[in-house]
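**Q** Chain by chain, the residues:
Number of protein chains: 2
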Amino acid sequence: MHKIFVLSEDDTRQLLELEEVIEGIENVYKEKSSGSGKVFPLVFHEFEKGVADMDIKSGTLDKMGVYGLKLVSWFGNNPSKGLPSLSGIVMLFDSSTGLPIGTISAEHMTGMRTGAAGAIGAKYLARNNSEVMLMVGSGHQASYQIRAMQTVIKGLKKVFVYDPINFESAKGFISKFEYKLDSIEYIPVQDLETSVANSDIIVTATPSKKPLIMKEWVKAGTHFSCMGSDMSGKQEIDENILKSAKLFTDDILQSVSVGEFEVGINNGTITKEDIICEIGDVLNGEYDGRTSDNDITVFDSTGIGLQDIAAGYIAIQKAKKINIGTEVKF
Amino acid sequence: MHKIFVLSEDDTRQLLELEEVIEGIENVYKEKSSGSGKVFPLVFHEFEKGVADMDIKSGTLDKMGVYGLKLVSWFGNNPSKGLPSLSGIVMLFDSSTGLPIGTISAEHMTGMRTGAAGAIGAKYLARNNSEVMLMVGSGHQASYQIRAMQTVIKGLKKVFVYDPINFESAKGFISKFEYKLDSIEYIPVQDLETSVANSDIIVTATPSKKPLIMKEWVKAGTHFSCMGSDMSGKQEIDENILKSAKLFTDDILQSVSVGEFEVGINNGTITKEDIICEIGDVLNGEYDGRTSDNDITVFDSTGIGLQDIAAGYIAIQKAKKINIGTEVKF
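Protein chains in written order, with my numbering: chain A, 1 to 330; chain B, 1 to 330.
Calculated directly from the structure, the hints in this document are not laboratory data. Among these hints, one or two may not hold up.
To be verified - In silico EDC-like cross-links for lysine to aspartate or glutamate, where the CA-CA straight-line distance does not exceed 16 Å:
(1) A/K30 to A/E327
(2) B/K63 to A/E48
(3) B/K3 to A/E327
(4) A/K3 to B/D10
(5) B/K3 to A/E107
(6) A/K329 to B/D10
(7) A/K329 to B/E327
(8) B/K38 to A/D10
(9) A/K38 to B/D10
(10) B/K329 to A/E46
(11) B/K329 to A/E107
Using the sequences plus the hints, can you model the full thing?
**A** See below:
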């Protein structure tokens with residue numbers, strides 16, 4: 001009799017460790033670069049414009065030996081019913097037999113894999129001596145971004161947190177942030193321009209539709225991990241920054257159509273050819289990342305289904321080992 | 001705490017009744033016709049040509065209040081490992097909140113919904129006085145087709161079973177068929193031409209890539225439910241039959257690209273415009289089906305994801321009522 005694993009939100013919170021997820025997402029980028037990781041076409045449906053939609057991201061990681069999908073639903077009116085607006089589910093299958101492996105609640109997992117992505121951008125593209133991180137956005141994702149960054153950038157000394165809506169949110173975020181390290185100072189900031197000028201690594205994770213950070217503010221050597229733009233029309237940083245920066249992405253196709261590079265390409269500030277490569281090509285050593293301490297580097301992370309598949313697979317493998325989750329006959 | 005239902009193969013075998021599935025699939029066709037049922041784009045991936053592939057069919061049934069997907073994997077080498085070559089999983093979500101409802105093993109469910117489809121074709125398009133069914137193909141699907149046909153065609157007196165590979169299979173199938181009715185005679189046949197000429201309803205469910213049934217054999221008034229063609233290049237009946245027949249389908253797009261009508265359209269025997277309508281338009285009364293006892297009618301059932309969503313939803317609703325299946329925190 002075949003069995004599948006079902007992992008709840010609580011289970012994934014117990015199971016996933018950032019170090020393991022980061023390693024898994026690095027393998028995702030490598031597999032995508034080498035061709036053994038393949039992204040299948042996105043399915044998107046809007047039930048009602050601005051009110052409710054869903055998408056299905058799917059793909060295969062042949063080396064890891066797993067394929068599958070994530071379906072994410074967004075129902076904007078849910079909070080008024082006491083329900084989460086975002087919910088999602090990941091389904092995994094064994095590449096050698098096609099049999100289902102398991103079903104995983106996707107909320108925490110998505111936070112972890114997105115945090116890992118932002119940190120991997122900095123790990124491979126930021127200056128080695130980076131000490132100051134600026135987190136733009138103090139929502140759900142900010143916590144994952146900072147935790148992951150602390151994991152990969154060992155010399156981190158300061159984390160600025162800026163909220164584009166109000167300063168209180170940034171303060172509140174820091175006071176509640178549970179993963180503070182003694183070696184790091186966490187500072188809510190109001191003056192974005194000065195904070196940008198004083199930062200080595202800038203992570204943006206907002207739903208912004210206009211640039212928050214202007215070119216004139218950015219010092220040479222800065223690295224950006226842009227996490228927020230994942231839908232047409234979204235933009236977090238001035239497209240003129242892109243013009244003089246070295247550009248990397250997790251997926252060129254998504255980057256030019258729905259990512260941070262979309263606006264700049266559409267208005268002619270940059271071209272698709274200005275994108276040096278996908279980040280996996282840097283991890284695989286096929287392209288250089290940063291080549292000088294003066295480079296401004298931008299990693300546009302649009303999010304790919306393969307990240308969810310890898311993160312889910314890590315959770316399932318661990319669940320089997322340490323006996324967490326529910327095994328159900330299928 | 002949110003919970004989802006997990007239904008195994010055994011659960012679906014206990015839960016699903018053909019009468020209910022037939023009613024559900026009729027509602028699917030009606031929803032598709034009226035526009036409240038929407039089919040999302042198909043995702044298909046071939047891991048290795050002729051060896052292993054998978055597809056994701058998805059869509060929404062707004063009236064029924066459910067959306068979701070079915071992922072089906074086909075791994076041709078599985079039987080040599082003692083595993084099924086086909087496996088699949090259905091995931092359902094609540095249209096009012098986006099929250100996951102459940103996960104259902106898809107094998108038996110797919111058989112039931114496909115049997116229902118073939119029978120619905122006959123229910124709405126065959127002559128009222130139909131008494132003889134010819135089942136072409138004696139594989140896994142034949143049993144579901146005959147069971148469903150017995151459910152909707154109350155005057156059925158004879159069921160011929162023909163196997164295109166060998167007669168013993170047809171004989172063996174009938175001897176093992178568990179759902180025989182006393183009012184019906186079940187006859188394995190070797191002479192396809194004579195059997196076609198003596199049948200009122202012909203159901204084809206084979207993997208054939210060339211026509212098995214020729215135009216000259218077919219008497220006026222015959223109805224065909226063509227279930228086998230669901231991939232480019234497949235064909236079960238002579239395309240010249242289509243030329244003089246009234247043509248219906250579950251999905252026009254699939255029908256002309258991967259269904260029974262593909263070959264005839266590609267070689268110019270028929271055109272896309274010769275397809276009268278989708279079957280849901282007949283169920284909704286927007287188009288006539290058969291208008292004379294002399295019409296030859298053809299229903300090309302290519303299979304749509306909405307059938308799986310409906311069948312899965314029926315199973316889940318019943319599971320909740322009679323306490324079958326596994327409820328898992330999520």
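**Q** A separate judgement is required for each hint: does it hold in the structure or not?
**A** Verification of the hints:
1. A/K30 to A/E327: Cα-Cα ~31 Å, so violated.
2. B/K63 to A/E48: holds (15 Å)
3. B/K3 to A/E327: holds (15 Å)
4. A/K3 to B/D10: Judged against 16 Å, a Cα distance of about 12 Å means the pair holds.
5. B/K3 to A/E107: This hinted pair holds, its Cα atoms lying about 15 Å apart.
6. A/K329 to B/D10: holds (9 Å)
7. A/K329 to B/E327: Satisfied, since the Cα-Cα distance of roughly 12 Å is no more than 16 Å.
8. B/K38 to A/D10: violated (34 Å)
9. A/K38 to B/D10: Violated, at roughly 34 Å.
10. B/K329 to A/E46: Roughly 28 Å between the alpha carbons, so the hint for B/K329 and A/E46 is violated.
11. B/K329 to A/E107: Answer holds: B/K329 to A/E107 is near 14 Å, not above 16 Å.
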